[in-house]
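2 protein chains.
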Amino acid sequence: MPGDLVLVPELLAPADIADCVTYAPGQLPDEVVRGGVGFFVPDYIDSPNPEWMARFPALQVAQLPTVGFDAALTYLPEGVTLCNAAGVHEQSTAELTVGLIIAKWRGVDRAARDMAEGAWKHRRGRSLQDSRVLVVGAGGVGRGIADALAPLGCHIQLVGRSRRDRIAGADELPDLLGAADVVVLAVPLTAETDGMVNSAFLARMADGALLVNVARGPVVVTDDLLAHLPRIEAALDVVDPEPLPADHPLWAAPGVLITPHIGGDTDAFPRLARQLIARQVQRWRSGEPLENVVAP
Amino acid sequence: MPGDLVLVPELLAPADIADCVTYAPGQLPDEVVRGGVGFFVPDYIDSPNPEWMARFPALQVAQLPTVGFDAALTYLPEGVTLCNAAGVHEQSTAELTVGLIIAKWRGVDRAARDMAEGAWKHRRGRSLQDSRVLVVGAGGVGRGIADALAPLGCHIQLVGRSRRDRIAGADELPDLLGAADVVVLAVPLTAETDGMVNSAFLARMADGALLVNVARGPVVVTDDLLAHLPRIEAALDVVDPEPLPADHPLWAAPGVLITPHIGGDTDAFPRLARQLIARQVQRWRSGEPLENVVAP
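Which chain is which? The protein sequence lines are A and B, in order. Take the first sequence: its letters are residues 1 to 296, numbered as in this note's numbering. Take the second sequence: its letters are residues 1 to 296, numbered as in this note's numbering.
Where hints are given, some of them may not hold.
[Unchecked claim] Some but not every residue of chain A turned toward chain B, in silico, with C-beta under 10 Å:
#	residue
1	L96
2	S127
3	E242
4	P245
5	A268
[To be verified] Stretches of chain B that chain A covers, calculated by requiring three or more beta carbons in the stretch to come under 8 Å of a beta carbon on chain A:
#	region
6	123-135
7	150-159
Calculated directly from the structure, the hints in this document are not laboratory data. Ideal Cβ positions, reconstructed from N, Cα and C, are used throughout, including at glycine.
Produce the entire structure from the sequences given, and follow the hints as far as they go.
Written as structure tokens, this is what we have:
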């Protein structure tokens with residue numbers, strides 16, 4: 001029956017789902033299959049294909065394998081429910097955040113480069129103990145980062161959209177920036193956060209502070225960041241533009257560590273994504289409410 | 001009076017201690033001062049000087065700025081009390097351990113090298129979630145590592161000299177090695193641990209497992225490790241020999257990340273070391289028992 005099929009990337013196909021069709025990266029199925037797709041899982045970061053949604057006339061649900069959904073919103077057909085992968089990437093992103101801060105402050109990145117020359121260069125590092133970390137974004141990723149950092153003895157302040165409990169509100173952010181040793185960006189990309197980290201934001205950061213972006217590249221205005229390096233330092237898992245062209249000045253900017261958007265992508269990802277997809281297909285088929293609905 | 005003076009490296013001199021003489025790295029004081037030294041703090045890793053102990057005829061206490069005390073034992077004069085810096089480095093070493101595991105499993109080291117070529121190379125990483133970590137050494141450093149790793153969702157097994165509570169004994173180690181995704185070395189260098197990680201030890205480690213050495217270089221037999229790379233991977237903050245000569249094959253061995261013995265050396269170190277030294281001098285002068293006595 002049109003709309004009964006589930007279309008999933010090969011890597012993310014759960015084991016026990018009826019009427020499930022898998023696809024290899026970039027391989028759009030034939031017209032018969034396309035007409036039957038009711039539940040679609042777009043591919044992961046390497047082969048983004050949210051525009052396929054418009055090719056499935058019977059589509060009801062698009063289940064993203066990512067937490068971020070800004071790119072998919074643009075292509076979302078009328079009447080299709082969009083779900084993200086909250087719960088699947090938080091731990092991996094939190095791990096990477098901890099790893100990036102420690103790598104930067106202990107010089108693991110410089111040591112990796114020194115290895116090529118056989119250079120043993122002892123340098124004193126900076127400890128997270130007693131440091132002040134501001135985590136901008138109080139969703140699952142932000143809270144996961146705070147949990148992972150807590151046992152390292154730093155003082156953590158979460159910043160959400162509005163004040164609640166021990167979470168500061170976005171209106172308090174300008175006053176909090178100056179006192180932070182580390183500012184971690186863990187916000188979704190929205191109209192409010194697009195370009196949020198501009199010259200005014202960066203100018204408030206203390207000398208020697210570290211900016212960590214594990215959110216989305218466009219949250220930071222790249223040219224503004226370049227102007228503040230190396231007065232502040234930066235560890236960036238996401239950048240704008242992405243992928244960063246080989247001749248972009250950010251690659252060689254002083255005080256920067258760049259990883260190629262690997263925040264949520266670990267061996268834990270396919271396992272947790274398969275579990276989520278299986279749960280969602282079951283809910284969809286039995287008419288229960290879906291998890292993680294982000295639009296409409 | 002002979003034996004009243006405290007001799008401390010400039011960097012580690014507490015603010016409020018009477019009869020305290022400081023020295024710059026490598027600058028042995030004149031004969032008059034040497035005759036008066038009763039409490040001596042050797043220098044840190046860059047300028048080791050435990051052999052100075054023999055030059056202070058009135059010496060009563062040598063307070064090391066390190067946790068490891070193997071090098072100092074060789075030079076310890078009869079009747080002198082040797083104390084280590086337990087409590088000063090644990091957190092910094094635990095942080096580095098977490099950072100090294102994440103750097104290795106997420107490819108932060110490769111990303112740092114890719115930056116030089118402007119190369120954006122996305123690769124799937126490995127998550128600590130549900131991984132099995134064996135921490136060999138159940139002293140302050142080992143326990144600090146376990147505490148720092150706990151919130152990352154891995155299964156941690158501490159191994160001590162003898163079985164107690166939930167700590168496994170050294171006799172169980174051979175059977176535990178094969179099931180570990182990560183083996184962290186956090187033991188002191190002693191007659192038992194010198195060369196402990198040899199071919200027999202490494203052969204028991206699973207394919208693709210990661211060996212992390214934040215203990216002392218000679219705990220691992222370097223040539224044996226070279227023979228097992230890259231079947232297993234390694235993140236080494238300490239190596240044998242140290243510093244590693246520029247032409248040593250370990251620098252270019254596949255699957256290795258090397259940092260130059262920075263485990264305990266962060267900005268937290270001088271602060272915590274000064275606090276420890278101030279406490280110890282006060283105890284010594286008031287005849288109270290010293291902390292951290294490791295010999296005789």
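Verification of the supplied hints:
no. : hint    : in the structure
1   : L96     : 6 Å, holds
2   : S127    : 4 Å, holds
3   : E242    : 8 Å, holds
4   : P245    : 7 Å, holds
5   : A268    : 4 Å, holds
6   : 123-135 : holds (count 8)
7   : 150-159 : holds (count 4)
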